[in-house]
Amino acid sequence: MNLSSVSRRDLRLSVEELLAAYATCLDEGRLEEWPGFFTENCLYRIVSRENWDRGLPLAAWLSESRGMLQDRVTALRQANVYGPRYLRHLVSSVQITGVENGKVRAQSNFAILQTLQDDETRVFLSGKYVDVLVAAGEGLVFAEKHCVYDTLRIPNSIVFPV
Amino acid sequence: MNLSSVSRRDLRLSVEELLAAYATCLDEGRLEEWPGFFTENCLYRIVSRENWDRGLPLAAWLSESRGMLQDRVTALRQANVYGPRYLRHLVSSVQITGVENGKVRAQSNFAILQTLQDDETRVFLSGKYVDVLVAAGEGLVFAEKHCVYDTLRIPNSIVFPV
Amino acid sequence: MNLSSVSRRDLRLSVEELLAAYATCLDEGRLEEWPGFFTENCLYRIVSRENWDRGLPLAAWLSESRGMLQDRVTALRQANVYGPRYLRHLVSSVQITGVENGKVRAQSNFAILQTLQDDETRVFLSGKYVDVLVAAGEGLVFAEKHCVYDTLRIPNSIVFPV
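Protein chains in written order, with the working numbering: chain Z, 3 to 164; chain U, 3 to 164; chain C, 3 to 164.
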């Protein structure tokens, strides 16, 4: 994708499509494909809104390369212990907030609904994605993804990527 | 709509518009208009994610023609007994997953919020729509609609179409 | 924006972008910017679905000019007393329902998730936006915004604009 020739609207629609593919990948539990949405030197963080708003660095999850994402997937498949659950992402209000030096800045709202085995479907996490994207072939990938969550009391725990 | 000449993006936007009209029809309780979103020989199913993932056929709701959908609407209006409720659909992450032989395959995430008369608004059902669409006049209609739900413990019961 | 030359689809995408900017403004608590989304002689209402469906005029919130919106913001900043909370809007199923005499009619579904300080993230309000928009410079602003809510038992209270 040539970022210098694409319109702001087409860029928004492309980011929307990327976010849809990303959400579907996670909702269907295809974790092995998840690191492929990122650049090799990516930054992936899950950070509370309190810390984000104050510019504080502490994150619930911090990975600084695609290799670290792959490592997490291996841990989830082979080492971690957790109860089964279904997740469902709702992503909306996608906005392009900037385009410069080959980087696209985008923001969107998310909610994740969680179904545990002995309970109704509940809101697990709400928040916003703050993303930096770069072109890769015909499409886009995440160079940075900051998952900023509103939720102060998380039901159960954050097991899977957001 | 001529499926052979429309771009993948335009198709996605058309499906998004169809899904918006579909959701609004149900949320506003215009049940009599609902079968009009389907072909005459349609397949409409509401199926649990457990059964969907295993390829098992049992569905909570199975209708194999538009006439069966109309029959359900008649039952809802004249025979069934249920408490009043408001529904609100949230549909996102619409994706085109295939186009061939005059058929469009699409997938999207849904959540339905339910308001019963003596309670707060709650998550009623989350899941994904797996749709097969065909051209009809200027637009599209559902030849198949599989409503695959995550929810294991459904609050109250599934009264209305999803 | 020239309403007479823009396609129905482009109009829908423009309204989608306006609604995304509107949601983000409120979710980030930038209340001072909120009246700028409206015309000077705007109508802004938060009305129950029961009253909306019956055509009854009583509203939980009624403002009949941008000045009244600004007055509310001043009250929220300087006079009202309420507990801290995070809000997150989910807006979907945006539809253009009419274009005439320089006015665009649009409708969309919303859900607002609320995080209070001592609780999980919960559904605060679901409903639909019924909007009348007019051109302003390159974009659109709200001449009327009717926030029609389904929710019968509102957790806590409606403090902020919807």
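Worth flagging that the hints you see were computed from the coordinates, not collected in a lab.
Some clues are possibly wrong.
[To be verified] Quick list of the computed label-pair ranges, beta carbon to beta carbon: (1) U:Arg155 x Z:Glu34: 27 to 33 Å; (2) U:Thr76 x C:Leu64: 38 to 44 Å; (3) U:Glu140 x Z:Ser7: 28 to 34 Å; (4) U:Asn82 x Z:Ser7: 54 to 60 Å; (5) U:Leu78 x Z:Pro157: 31 to 37 Å; (6) U:Arg107 x Z:Asp55: 48 to 54 Å.
A virtual CB, placed ideally from N, CA and C, is assigned to each residue, including glycine.
Each hint tested on the structure:
no.	hint	verdict
1	U:Arg155 x Z:Glu34: 27 to 33 Å	holds (30 Å)
2	U:Thr76 x C:Leu64: 38 to 44 Å	holds (40 Å)
3	U:Glu140 x Z:Ser7: 28 to 34 Å	holds (31 Å)
4	U:Asn82 x Z:Ser7: 54 to 60 Å	holds (56 Å)
5	U:Leu78 x Z:Pro157: 31 to 37 Å	holds (34 Å)
6	U:Arg107 x Z:Asp55: 48 to 54 Å	violated (42 Å)
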